[in-house]
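Residue numbers (the numbering used here), protein chains in the order written: chain G, 654 to 1054; chain R, 654 to 1054.
If you're looking for bench data, these hints aren't it; they were derived computationally from the structure.
Be careful, since some hints might not be right.
Identical copies carry no separate label here, and so any pair may be met within one copy or between two of them.
To be verified - Straight-line Cα separation of at most 30 Å, DSBU-like style, residue types lysine-lysine; simulated pairs: (1) Lys942 to Lys1034; (2) Lys745 to Lys672; (3) Lys745 to Lys681; (4) Lys682 to Lys745; (5) Lys953 to Lys1044; (6) Lys1044 to Lys672; (7) Lys1053 to Lys1034; (8) Lys848 to Lys793; (9) Lys1053 to Lys818; (10) Lys698 to Lys681.
Protein chains: 2
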Amino acid sequence: MSVFVSHRLQSVPASPIRKLVPYAVAAKKDGVHVYHLNIGDPDIKTPDVMIDVLHHWDVNPIGYDQSQGNPEFLQSLRTYYHRLGFPFIDTKHIQVTNGGSEAISMAMFAVAESGDEILTFEPLYTNYNSYAVVNGITLKAILTTLENGFHLPQRNSIENAITRKTKAILICNPNNPTGTVYTKEELRLLVDIAKEHNLFLLSDEVYREYTYDGREHVSLFSFMQEIPNLAIVLDSMSKRYSLCGIRLGALVTLNADVLSGILAIAQGRLSSGSVDQVVAARLVDVPDKYIHAVQTEYAKRRDVLYEGLQAIPGVVIPKPEGAFYTIVGLPIDDAEHFCQWLLTDFRDNNETIMLAPAAGFYASPKKGKNEVRIAYVLHTKALSRSVNILKKALSAYAQKK
Amino acid sequence: MSVFVSHRLQSVPASPIRKLVPYAVAAKKDGVHVYHLNIGDPDIKTPDVMIDVLHHWDVNPIGYDQSQGNPEFLQSLRTYYHRLGFPFIDTKHIQVTNGGSEAISMAMFAVAESGDEILTFEPLYTNYNSYAVVNGITLKAILTTLENGFHLPQRNSIENAITRKTKAILICNPNNPTGTVYTKEELRLLVDIAKEHNLFLLSDEVYREYTYDGREHVSLFSFMQEIPNLAIVLDSMSKRYSLCGIRLGALVTLNADVLSGILAIAQGRLSSGSVDQVVAARLVDVPDKYIHAVQTEYAKRRDVLYEGLQAIPGVVIPKPEGAFYTIVGLPIDDAEHFCQWLLTDFRDNNETIMLAPAAGFYASPKKGKNEVRIAYVLHTKALSRSVNILKKALSAYAQKK
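With these hints in hand, go ahead and build the complete structure from the sequences.
So, in structure tokens, the structure goes:
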């Protein structure tokens, strides 16, 4: 036992996705093949034009970059946002961050005092909980349901949750973990509420490119000039270019006070990675066909997963609209126990699957007990096989009881 | 004007080192050569064995690494600490961080609640102020003086500053910005105080390898087994291997509660850079002669600077004992004005120097008004020339008045 550590350190939640890792490690040690549906680490290749930067690296020493961001990378981001259709974004509106993670954390610090509240919707991206504790913020999660495809509740349900401590609304769109893509009307609703109640609107758009069935992604950028001081977009390079290990994201806003304040924080941590930024700056040279191929691939995977799961009796799955996650209801009582059992007890031809129990994606206790989150980042053959394993496992689990 | 941002965002101090940057930029636009003595961005080459990692990169996609750190990099750090003479350090005692910056910030969060105090000594590394604001901590700085070579004050001066809100003592050793290397007796004193008052002792040892005149660096590691729950070492790869742009550091402690808590924070931000960590893991292959050559080079630079400045009338400089910074007293009233004037008005053969006013390195107001911080990271010829420019500038500045 240590003498003491801070209470706040003890309240940082351990990752619910990584909790079952020891059981997966043990299974693998026994020679069991584990299909990972529990984590969104894509197998899609990083574009060659980015890998080439490493092969041709000729800067020595590898010194600090600028605190706001590498000028070339900032220019590339500007070009990217212009191509998306938002020509009013200039480099001065962009702060480069260490992954989307730092963007979210900086935004929370910027918009709320310690003890204040930020509204969001559950199920939610679990790391929001960590950033909230680190920034002394209470995350107030409004329930969305599987039955409703995890779309937003009525206006009054949102407004009823607003207190005088509420400083912002945070959304993830397309949504991790639900796969929901909010409609234009839903964005309009949130913008109206933000305006009326003078709240910041934070939009985490890491999965912007991944929407299915011809669905349009409605970005907060579309409303940014209407609420220039309230709108903050949070972004990341990780999923768009398969650059999870290149720790780069961005915070984009027209609010000059937010920008100058977070630049001071950024100066405190000196700079983001210099090599990483030169790699990511090549995003302007990534051919359209790369993104299209990735989109097509994820759409195919979604279809395989959705059709496969729909055919299993008792499984409830809303048709995922975007990103590469979905929350699935299973015909069981305790998903945490089931997920652990899959790793410790169940084998089919010496293979099993790893899923993430969904309870960890809810802020409210007792929610999502019979749900799991599935990331469909494996190729279609592996996904088919995983669905088959799940079907057999559910049947074996039911008989066991 | 924005509608609102948080008060805490507005209290993050802008970097005092970077405040004068616009004047330097303007001078350079006019074709003036500016010698940068204001910032510790070394010109020493990154070891080839590290650059080679980039040239031979063959991992694709560039995925997340583990939250605690890349296993190979953790092993390399373990080996490094063993070679230093601390074989009790295992990989489980190490958390990899995004630069030394994140190590300091995580440590502050871990040892103190929002509103608590951490004692340190001024002049101080200015970014400590940013991390303190971000973590809601009051940094209480005890004055050390140029006359005393910025060594620690008497025991009672330190103990008198302790209140019931004090949770830790933070030192930088060798010190940025003073160049002071604390003696074994000073470390002993701090360890005794930490034990008696049940305080954490945080030691930022980023410049561990850089001590001069045969002076030994006394690491907190030497006392770690005596106060296993209280001692935390903060480290960085930036200056040791000229890897400032590879954003990697480490937090090392035997306190298991601190480690498990900060691992949860680390999980929240997923991982440090994957490419960066493979690069830095090669530290075990950096030949001793690399470090020795760098040590010799900095010792030479220190001598050139020290001897040159000593010869200027009215300049007060303690002999720098380590790191590559020194705080220098100048025969002027307002160092901030002087530093700005150097950039805007003074030219010698169309060249000038950039210095950092020392006031920004003090937490107390009105301290260090006539002092500057000098980083001696330029080669000796440039340093000689810089000293010469400073001499002429001081003379011109005195006549001007």
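Here is what the structure says about each hint:
no., hint, in the structure
1, Lys942 to Lys1034, "within (23 Å within a copy, 53 Å between copies)"
2, Lys745 to Lys672, "between (40 Å within a copy, 18 Å between copies)"
3, Lys745 to Lys681, "between (48 Å within a copy, 22 Å between copies)"
4, Lys682 to Lys745, "between (51 Å within a copy, 21 Å between copies)"
5, Lys953 to Lys1044, "within (20 Å within a copy, 71 Å between copies)"
6, Lys1044 to Lys672, "within (24 Å within a copy, 63 Å between copies)"
7, Lys1053 to Lys1034, "within (28 Å within a copy, 80 Å between copies)"
8, Lys848 to Lys793, "within (19 Å within a copy, 41 Å between copies)"
9, Lys1053 to Lys818, "neither (49 Å within a copy, 56 Å between copies)"
10, Lys698 to Lys681, "within (25 Å within a copy, 42 Å between copies)"
Against the hints set out earlier in the document, a violation occurs for number 9 only.
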